[in-house]
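The residues making up each chain are set out below.
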Amino acid sequence: MSEHRGTRARSVELRRPPLAIIAIAAVAIAFFALPFIGLLWRVPWTDAWSLLTTQSSLTALRLSITTSLWATALSIIFGVPLAWVLARYGFPGRRVVRALCLLSLVLPPVVGGVALFAAYGRRGLLGDSLFELFGMRLPFSTAGVVLAQTFIAMPFLVLTVEAALRGLDQRPEDAARTLGASRWYAFRRVTLPAIRPALIAGAVLAWARALGEFGATITFAGNFPGRTQTMPLSVYLALESNPGQALVLSVVMIAISFGVLLSLRDQWLGGSTEAGSSR
Amino acid sequence: MTSVLPPFSRSRPVAIVSAVVVAVTLLATACRAPSKSSSTTSPDSLSGSLTVSAASSLQGAFTDLKVAFEKAHPGMNVTVNFGASSTLAQQIIDGAPVDVFASADEANMTKVSNKKLQSGTPKIFATNSLEIIVRKGNPSKIASLADLSKSGLIYITCAPEVPIGKYGAQVLQKAGVKVSPASLEPDVKGIVAKVTAGEADAGIVYATDISATKGAADGVVIPADVNAIATYPIVAISTSTNSTAAQSWIAFVTGTEGQTILKNYGFGAP
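Those protein sequences? They're chains A and B, same order as listed.
Everything in the first sequence is counted per my numbering, starting at 1 for the first residue and increasing by one.
Everything in the second sequence is counted per my numbering, starting at 1 for the first residue and increasing by one.
Hints in this document: simulated from the structure, not taken from any laboratory.
Heads up, a few of these hints could be off.
What the hints assert, rightly or not - Where chain B lies over chain A, by a calculated footprint (3+ residues, C-beta under 8 Å):
hint	region
1	158-165
2	231-240
Said to hold, decoys possible - Label pairs and their calculated CB-CB ranges:
hint	chain 1	residue 1	chain 2	residue 2	range
3	A	192	B	137	12 to 22 Å
4	B	49	A	13	47 to 57 Å
5	B	114	A	18	13 to 23 Å
6	B	216	A	126	19 to 29 Å
What the hints assert, rightly or not - Example chain A residues on the side facing chain B (calculated, C-beta under 8 Å, incomplete):
hint	residue
7	135
8	218
9	226
Small disclaimer: the values here were computed from a predicted structure and weren't measured.
We put the beta carbon where it would ideally sit given N, CA and C, even for glycine.
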């Protein structure tokens, strides 16, 4: 037993990266840790609770949670079929369509907001028809916030789920089909359970991204407390009027994001490897 | 016969890259050369760089002022940082390396002087009146402040910390008009951008902002008895590393040439 432990310890020792690499990595860790330590250091902890429970903070928090959950739901409803089509259905121009659907992932969100105006704004492509059909205007509305968040966040889910579908062993699905299962039944009972870890990871990432969305929201939906002022907007604006409140809200957002990342186990972050290795 | 080919033809990509490098280098030196030579020959003792933080509404005027100032002092390199006065004041308090602060109101100037970050007393260098900005051609038919409370009209403003948000609220209060804004934009340019784009119907902005849109939006005059007059103070920041240049920028802005430029943009004299 002790001998076994000894060899394991030795192999760990052998695999250790060179000291120089560890030193550089330590600098990188400090680079990421310092801003958060600095922020925690500046937070006025004695007033933290009263600053967090002010009406304006709670309003922003409630709006952020509601809109980001809506954005996540929409991302799942539209993102999973999209990922399925992109992963399984070969059609001409698929690469172009794929790039188009993931564009908002890399685009500056402000540009995304301007583009949303061009489509759904009052003078946009669909703006007037939307108003005539449903009597609703998206800019400056809570629905507009959800739209902006979905636009920015959905690619995270699509990317994760698509990778899982690509890496998936298709034989169980084929077996289900030959045994008489319909396409839909096989998807629901065989494929979906197999990609569930990736789906959860993608949904959580999309939710975290929606929660943090700033640029597209302020550009497309504007900023009004209780209607379109989400947490990030509230932090940005409170920096001028009430820096303490901005810091406390920042800590809340950091805590949520950190919790999300911690809860995603390593293999979920690389959804494809997890799904690919499950035979 | 083989010499018909140009000498670099065999390694074309290399030739192109090196040509580009040479061109860029030449261009860079060509651009830099005049300022260098004139700074050594000019009797002007001012040199170095100067950072000016100025209210968003000053964008047009201060961009011209920068060009004129650099022309008068060839050794100077001026950077102007535009934003909401409240944002700029906070940046200065947080230690931003700024030499001069030009605010659109006295309240944000006071924030800076409360932290003992000013050097000398702030000088009022311009005034600005307010107007209602409406979409091009005024499709919502807004003729007065009272029309802003029409139902279905999208009115946008700024938060009360931003000078224009405060002035706008003052004007509406004086006129006895109650409106519910659709959005509180981060600064006055946000209001102008959304009305110009046609996504919002109206907002209260500085008269100078409307002339700066060059016809992309229209203005509706606010009567003098309810109008607010915005006053613009300017001051040097005590942490400035180039205080001589900071003072000379302030003298330039308050001097004849600076005042002419400000007047061209629709600002009133102090």
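Between the beta carbons of residue 114(B) and residue 18(A), is the distance compatible with 13 to 23 Å? violated, 53 Å
Mind checking, does the region 231-240 of chain A have 3 or more residues with a CB under 8 Å from chain B? holds (count 4)
Verify the CB-CB distance for residue 49(B) and residue 13(A) against the hinted window 47 to 57 Å. holds, 54 Å
Assessment of proposed distance window 12 to 22 Å (beta carbons of residue 192(A), residue 137(B)): violated, 54 Å
Under 8 Å, Cβ to Cβ, is where residue 135(A) needs to be relative to chain B, so tell me if that hint holds or is violated. violated, 11 Å
For the region 158-165 of chain A, do at least 3 residues have a Cβ located nearer than 8 Å to some Cβ of chain B? Per the Cβ count (0), the hint is violated.
Interface hint check: residue 226(A), Cβ to nearest Cβ on chain B, cutoff 8 Å. Holds or violated? violated, 11 Å
Any CB of chain B closer than 8 Å to the CB of residue 218(A)? Cβ of residue 218(A) sits 7 Å from chain B, so the hint holds.
Consistency of beta-carbon spacing, residue 126(A) to residue 216(B), with hint 19 to 29 Å: Holds - the Cβ-Cβ distance for residue 216(B) and residue 126(A), about 23 Å, lies within 19 to 29 Å.
Against the hints set out earlier in the document, violations occur for numbers 1, 3, 5, 7, 9.
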